[in-house]
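J.: Here are the chains, one letter per residue:
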Amino acid sequence: MPPKAAKGEYIETDTGNKISRRSQIHGTQHIILGGKSIIQADAVIRGDLFRTSSSSASTPDSKSDPKAAAGGAGNSIAITIGRYSYISRSAILRPPSRLHRGVHSYFPLKIGDHVFVGERSVVEAASVGNHVHIGKDAVIGSMAILKEFAYVLDGAVVPAGMVVPSWCVVGGAPARIVGEVGEGYGVEGAEGGMARERYRMVR
Amino acid sequence: MSRPFPYAYISCPCANTPAPDPSRKRRSRESPQKASPEKPRPELQLDDEEDEQTFDPRAPRSNFSLYPPEQLLYCEDCHQIKCPRCITEEILCWYCPNCLFETPSSMVRSEGNRCARNCFNCPACTAPLSVTTLENRGGDQSGPWVLSCGYCMWTTLDIGIKFDKPTNIRAQLAKMTTEPSMPAIHTRQVSKTFGDLKSPLSMYSSIDDQLPPVDGSRPDNEDQPSDTSIPRTRNARFAALKTFYKDQVAATTTSGVDPGDFGASFSSPNTLHRIMSIYTATRITALYGNGNKKARNRPPVMREAVSANEGLALPKPSSETAIIQRMASDDCGWDGLASLEQRAFQSPDARFVEDLLPLPSLLRTKRSKRCKSCKHILVKPEFKPSSTRYRIRLIALSYIPLATMRPLILPPTTSASLPSLSSAAAPNLDALTPQRPIQLLLTLKNHMFDPVRITLATPSVTPGRVASKVTILCPQFDIGANSDVWDEALQSATAPDRSSRTSPYEKVAEAGKVWDKGRNWTTVVLEVVPGSLPGLKLKAYKGVGDDDNDDDDDDSDENEGALDWSGKSKDPAQQIQPDEDVLDIPVFVRMEWNSDSQIDPEEGIGSGKGLGGDSVKRELAYWMVLGVGRIES
Numbered sequence: 001m002p003p004k005a006a007k008g009e010y011i012e013t014d015t016g017n018k019i020s021r022r023s024q025i026h027g028t029q030h031i032i033l034g035g036k037s038i039i040q041a042d043a044v045i046r047g048d049l050f051r052t053s054s055s056s057a058s059t060p061d062s063k064s065d066p067k068a069a070a071g072g073a074g075n076s077i078a079i080t081i082g083r084y085s086y087i088s089r090s091a092i093l094r095p096p097s098r099l100h101r102g103v104h105s106y107f108p109l110k111i112g113d114h115v116f117v118g119e120r121s122v123v124e125a126a127s128v129g130n131h132v133h134i135g136k137d138a139v140i141g142s143m144a145i146l147k148e149f150a151y152v153l154d155g156a157v158v159p160a161g162m163v164v165p166s167w168c169v170v171g172g173a174p175a176r177i178v179g180e181v182g183e184g185y186g187v188e189g190a191e192g193g194m195a196r197e198r199y200r201m202v203r
Numbered sequence: 001m002s003r004p005f006p007y008a009y010i011s012c013p014c015a016n017t018p019a020p021d022p023s024r025k026r027r028s029r030e031s032p033q034k035a036s037p038e039k040p041r042p043e044l045q046l047d048d049e050e051d052e053q054t055f056d057p058r059a060p061r062s063n064f065s066l067y068p069p070e071q072l073l074y075c076e077d078c079h080q081i082k083c084p085r086c087i088t089e090e091i092l093c094w095y096c097p098n099c100l101f102e103t104p105s106s107m108v109r110s111e112g113n114r115c116a117r118n119c120f121n122c123p124a125c126t127a128p129l130s131v132t133t134l135e136n137r138g139g140d141q142s143g144p145w146v147l148s149c150g151y152c153m154w155t156t157l158d159i160g161i162k163f164d165k166p167t168n169i170r171a172q173l174a175k176m177t178t179e180p181s182m183p184a185i186h187t188r189q190v191s192k193t194f195g196d197l198k199s200p201l202s203m204y205s206s207i208d209d210q211l212p213p214v215d216g217s218r219p220d221n222e223d224q225p226s227d228t229s230i231p232r233t234r235n236a237r238f239a240a241l242k243t244f245y246k247d248q249v250a251a252t253t254t255s256g257v258d259p260g261d262f263g264a265s266f267s268s269p270n271t272l273h274r275i276m277s278i279y280t281a282t283r284i285t286a287l288y289g290n291g292n293k294k295a296r297n298r299p300p301v302m303r304e305a306v307s308a309n310e311g312l313a314l315p316k317p318s319s320e321t322a323i324i325q326r327m328a329s330d331d332c333g334w335d336g337l338a339s340l341e342q343r344a345f346q347s348p349d350a351r352f353v354e355d356l357l358p359l360p361s362l363l364r365t366k367r368s369k370r371c372k373s374c375k376h377i378l379v380k381p382e383f384k385p386s387s388t389r390y391r392i393r394l395i396a397l398s399y400i401p402l403a404t405m406r407p408l409i410l411p412p413t414t415s416a417s418l419p420s421l422s423s424a425a426a427p428n429l430d431a432l433t434p435q436r437p438i439q440l441l442l443t444l445k446n447h448m449f450d451p452v453r454i455t456l457a458t459p460s461v462t463p464g465r466v467a468s469k470v471t472i473l474c475p476q477f478d479i480g481a482n483s484d485v486w487d488e489a490l491q492s493a494t495a496p497d498r499s500s501r502t503s504p505y506e507k508v509a510e511a512g513k514v515w516d517k518g519r520n521w522t523t524v525v526l527e528v529v530p531g532s533l534p535g536l537k538l539k540a541y542k543g544v545g546d547d548d549n550d551d552d553d554d555d556s557d558e559n560e561g562a563l564d565w566s567g568k569s570k571d572p573a574q575q576i577q578p579d580e581d582v583l584d585i586p587v588f589v590r591m592e593w594n595s596d597s598q599i600d601p602e603e604g605i606g607s608g609k610g611l612g613g614d615s616v617k618r619e620l621a622y623w624m625v626l627g628v629g630r631i632e633s
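Heads up: the sequence lines are chains V and R, in that order. When we follow UniProt numbering, the leftmost residue of the first sequence carries the number 1, and every step to the right adds one. When we follow UniProt numbering, the leftmost residue of the second sequence carries the number 1, and every step to the right adds one.
Watch out, some of these pointers could steer you wrong.
With a Cα cut of at most 20 Å, we get these calculated EDC-like pairs of lysine to aspartate or glutamate [to be verified]:
#	chain 1	residue 1	chain 2	residue 2
1	R	Lys-617	R	Asp-450
2	R	Lys-517	V	Glu-197
3	R	Lys-517	R	Asp-450
4	V	Lys-110	V	Glu-180
5	R	Lys-445	V	Glu-197
6	R	Lys-175	R	Asp-158
7	V	Lys-136	V	Asp-42
8	R	Lys-517	R	Glu-527
9	R	Lys-375	R	Glu-76
10	R	Lys-517	V	Glu-188
11	R	Lys-445	V	Glu-188
12	V	Lys-18	V	Glu-119
13	R	Lys-384	V	Glu-180
14	R	Lys-372	R	Asp-77
15	R	Lys-517	R	Glu-592
16	R	Lys-242	R	Glu-304
17	R	Lys-384	R	Glu-580
18	R	Lys-372	R	Asp-330
19	V	Lys-136	R	Asp-430
20	R	Lys-380	V	Glu-180
21	R	Lys-617	R	Glu-580
Label pairs and their computed distance ranges (CB to CB) [said to hold, decoys possible]:
#	chain 1	residue 1	chain 2	residue 2	range
22	V	Ile-77	R	Ser-386	21 to 27 Å
23	R	Asp-331	V	Ile-77	49 to 55 Å
24	V	Asp-154	R	Pro-84	20 to 26 Å
25	R	Glu-135	V	Asp-14	48 to 54 Å
26	R	Lys-384	V	Asp-14	20 to 26 Å
27	V	Ser-97	R	Gly-336	47 to 53 Å
28	R	Met-327	V	Asp-154	35 to 41 Å
29	V	Asp-14	R	Arg-465	54 to 60 Å
30	V	Arg-101	R	Leu-314	40 to 46 Å
31	V	Gly-8	R	Phe-383	28 to 34 Å
32	V	Arg-101	R	Lys-384	30 to 36 Å
33	V	Arg-101	R	Ala-481	44 to 50 Å
Below, a sample of chain V positions facing chain R; criterion: calculated Cβ distance under 7 Å [to be verified]:
#	residue
34	Ser-20
35	Pro-159
36	Pro-165
37	Pro-174
38	Tyr-185
39	Gly-189
Since the hints were derived computationally from the structure, they do not count as laboratory data. Every residue gets a Cβ at the ideal spot worked out from N, C-alpha and C, and that includes glycine.
From just these sequences and the hints, can you work out the full model?
T.: Structural data, given as structure tokens:
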């Protein structure tokens, strides 16, 4: 149940995204929102950490000043968020990074539809599938892959590079698979299918 | 996973039917033939419930029957809710959770239920390991490779293992751990004359190297050409022991060979002869003793493995002290010892952190689910591990109405019965004020294509020591069918405005009337007066009788702290048990509907309650527990 925000807190885009005025979004030209997604206050979305394409491979220093390179490679996408996804307060979305051929470079972060990211969670995953639930205070390590209907418990630390299969519940630090969600998970209106309801509650 | 308030759990009726119930067995036997009248089932439960007390969400048995609604299935043949205890599972496929590749079932056992590719888990912290090169600056991705953990920074370099190529790591690792004289393992040189009986990675295998061969004086058996090499690893030793004891069993049962003659007992007996003699010779021998021609004077005796060939491994007496000395040494310390959790999946010899080997990822399964009583398939996912679709998925949510709750926020002016100070804000469900009534909107959403008539029943006072008063203002109502969404869109276009969207503030909850109604959902109001906790009983006692909430609230607020303290020091009966302050409301739900049973007409005949040609009256009843909140202490 999200806390009710004051009137005028959210900016609604043409596609129905509701973005808090108090959120911190960097590099907006590198972020794609699918529509009807919600970004709450104090959420940090680092669109400025995008992959500096082949030109930067020769100059790895450009990552230290990504904003300067933003103008050059305007078409590279750092973060994609699908429809009806929900980024809670103080969550941080950062594109994953790794050493690739000796160069520290960023990779795009893809978040699917109906994804919930809990409060104060840090997401550096490579891809987050549809209907994924990430609890509060969770950490998703760099280049992790959360498949559809994965469920990350509160406070879990998903290690870098981990793959969470579909329907699996992970928890703990480091996270390991502790169970599976039921077959009815993700049905509209039930647990895992509250995305539209959440969208409706935010105004 | 505990749920945040408010939640709704559903009790599977299987907990009410005791296991050795003969009627249940009969039913389950008859149900596959579809001859049993399936209608009385819910009514049977109704009768049971009437005999018994109301469902107590805090009873120890309730733990086993309450499930979140999305975990429940529904058997269309039994017309009953099925919980994970009422089903059987069948494995469809095995897959690695890391690489999501399917492992064929023929390989699962040989691979030890673990991924045969490059997927490994860290032996120190269980995080997945990644294959990385040691030469980061090279750029050509060559050079020795290691497995490294991104979580705890453990690498295979810690145990002195490097890989030559980044593929087929498991085979490389198996080779290294079985063959002791691998160049990559620089730490120790193991003599090949007598096999190291343990993994070469175990630090004290050097101790065993000095171990003189057990029964070294004993000559090897000539008639055993297969065992040319002495088993080295644990698995090989186990295999040697297994074959040895198999041979022993075969040798002692087949013939009356003198058991003392070891050489003869090692010869592999003719299989046919053995099988024949199992059914003839031994039985006759057993029955008639010496009646057989191959009479034995004494029963054959199985001996134990005595040599290293047979898989025997004797630790050196000083090895234990060496381990202890190593534990006590400064360079080992507490951190050098492997924890119990780490050792659980390692070789039993692994005592130190240096002994830990990377663990190939355990496989996971996709399973189909069947009803235990009628064997019908309830859930059948797609075979592909990465697919999330289902071929068959009979979940309870598509049959029983989905219950959701939210607190009703009342305007301060219209509520005369409530104290007007803080009722305008939403009540904090994690800290409900005792004796202050709250109202909740209980929405039931129908997912069936038939309209449903719902009857809700709840005890007026919740069971347990914390007696909360519950009133459902409209216990009987209808829910529309889950028809086409377009119908609703057209209806709402014709109707000027729906009552729900006008203004919830102008409405007052009335008894006997539904709060709101939509295409396939209906909302009723639930009024709850949270009870007082036992620690506050002395003061709240007055307030229970008269419903004067203002005074009572003030009293309890003033005396809360003192009473709670004294309650803890005094009588244990006065203390609050864990989760006793959770306000759980048992609600009995009974749903009736007319179903079009054109799919299987024989069921309609069997039910015997067909109203029309193809319409069958059905009913289903179950207990539901609504977790409203936690009472403030």
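J.: All hints are to be evaluated individually against the structure, with a verdict given for each.
T.: Results for each hint:
Between Lys-617 of chain R and Asp-450 of chain R, the direct Cα distance comes to roughly 11 Å. Compliance with the 20 Å bound is thereby established for this hinted pair. A hinted pair counts as satisfied when its Cα atoms are at most 20 Å apart, and Lys-517 of chain R with Glu-197 of chain V qualifies at roughly 17 Å. With a C-alpha separation of about 16 Å, the suggested pair Lys-517 of chain R and Asp-450 of chain R falls inside the 20 Å cut-off, and the hint holds. This hinted pair does not check out: Lys-110 of chain V and Glu-180 of chain V have alpha carbons roughly 23 Å apart, beyond 20 Å.
Distance hint between Lys-445 of chain R and Glu-197 of chain V is fulfilled; the C-alpha atoms sit about 13 Å from each other, no more than 20 Å. Taken as a hint, the Lys-175 of chain R and Asp-158 of chain R pair is honoured in the structure, with Cα atoms around 18 Å apart against an allowance of 20 Å. Proximity of Lys-136 of chain V to Asp-42 of chain V is assessed by CA-CA distance (about 14 Å); at most 20 Å being required, the pair is judged to hold. Restraint check for Lys-517 of chain R and Glu-527 of chain R: the C-alpha separation of about 18 Å stays at or below 20 Å, so the hint holds.
Proximity of Lys-375 of chain R to Glu-76 of chain R is assessed by CA-CA distance (about 11 Å); at most 20 Å being required, the pair is judged to hold. Distance restraint check for Lys-517 of chain R and Glu-188 of chain V: the Cα-Cα separation of roughly 18 Å lies within the 20 Å cut-off, and the hinted pair is therefore satisfied. A hinted pair counts as satisfied when its Cα atoms are at most 20 Å apart, and Lys-445 of chain R with Glu-188 of chain V qualifies at roughly 11 Å. Under the criterion of a C-alpha separation no larger than 20 Å, the hint pairing Lys-18 of chain V with Glu-119 of chain V is consistent with the structure, at around 17 Å.
As the CA atoms of Lys-384 of chain R and Glu-180 of chain V are separated by approximately 17 Å, the hinted pair is consistent with the 20 Å bound. Between Lys-372 of chain R and Asp-77 of chain R the CA atoms are separated by roughly 11 Å; this keeps the pair inside 20 Å, and the hint holds. Restraint check: the Cα-Cα separation between Lys-517 of chain R and Glu-592 of chain R comes to about 18 Å, which is no more than 20 Å; the hinted pair holds. Annotation: proposed proximity of Lys-242 of chain R to Glu-304 of chain R holds, straight-line Cα distance about 11 Å (limit 20 Å).
Restraint check: the Cα-Cα separation between Lys-384 of chain R and Glu-580 of chain R comes to about 45 Å, which exceeds 20 Å; the hinted pair is violated. The straight-line distance between the Cα atoms of Lys-372 of chain R and Asp-330 of chain R is roughly 58 Å, outside the 20 Å bound, and the hint therefore fails. Straight-line distance between C-alpha atoms of Lys-136 of chain V and Asp-430 of chain R comes to about 17 Å, which keeps the hinted pair within the 20 Å bound. With a CA separation close to 15 Å, the supplied pair Lys-380 of chain R and Glu-180 of chain V stays within the 20 Å bound.
For the hint linking Lys-617 of chain R to Glu-580 of chain R, the alpha-carbon distance of about 40 Å lies beyond 20 Å, and the restraint is violated. The hint said 21 to 27 Å for the Cβ distance between Ile-77 of chain V and Ser-386 of chain R, and at roughly 24 Å that hint holds. For Asp-331 of chain R and Ile-77 of chain V, the Cβ-Cβ distance of about 51 Å falls inside the hinted range of 49 to 55 Å, so the restraint holds. Range check, Asp-154 of chain V to Pro-84 of chain R: Cβ separation about 23 Å, and the 20 to 26 Å hint holds.
About 50 Å separates the C-beta atoms of Glu-135 of chain R and Asp-14 of chain V, a value consistent with the hinted range of 48 to 54 Å. At about 37 Å, the beta-carbon gap between Lys-384 of chain R and Asp-14 of chain V misses the expected band of 20 to 26 Å. The supplied range of 47 to 53 Å is broken by Ser-97 of chain V and Gly-336 of chain R, whose beta-carbon atoms lie about 34 Å from each other. Range check, Met-327 of chain R to Asp-154 of chain V: about 38 Å between beta-carbon atoms, so the 35 to 41 Å window is met.
In this structure the supplied range 54 to 60 Å holds for Asp-14 of chain V paired with Arg-465 of chain R, their Cβ-Cβ distance being about 56 Å. A hinted range of 40 to 46 Å is violated for the C-beta pair Arg-101 of chain V and Leu-314 of chain R, which are about 53 Å apart. In this structure, Gly-8 of chain V and Phe-383 of chain R break the distance hint of 28 to 34 Å, their C-beta atoms being roughly 51 Å apart. The given range of 30 to 36 Å is respected by Arg-101 of chain V and Lys-384 of chain R, whose C-beta atoms sit roughly 33 Å from each other.
Checked against the given bound of 44 to 50 Å, the beta carbons of Arg-101 of chain V and Ala-481 of chain R, roughly 60 Å apart, lie outside it. The restraint placing Ser-20 of chain V at the interface with chain R is violated, with a minimum CB-CB distance near 20 Å, outside the 7 Å limit. With a least beta-carbon distance of about 4 Å to chain R, the hint placing Pro-159 of chain V at the interface is held under the 7 Å criterion. A cut of 7 Å between beta carbons decides the hint on Pro-165 of chain V: the least distance to chain R is about 5 Å, and the hint holds.
This hint holds: Pro-174 of chain V has a C-beta 4 Å from the nearest C-beta of chain R, less than the 7 Å allowed. Taking 7 Å as the C-beta contact cut-off toward chain R, the hint placing Tyr-185 of chain V at the interface holds, the least distance being around 5 Å. For Gly-189 of chain V, the interface hint holds, since its Cβ comes within 7 Å of a Cβ in chain R; the closest pair sits about 6 Å apart.
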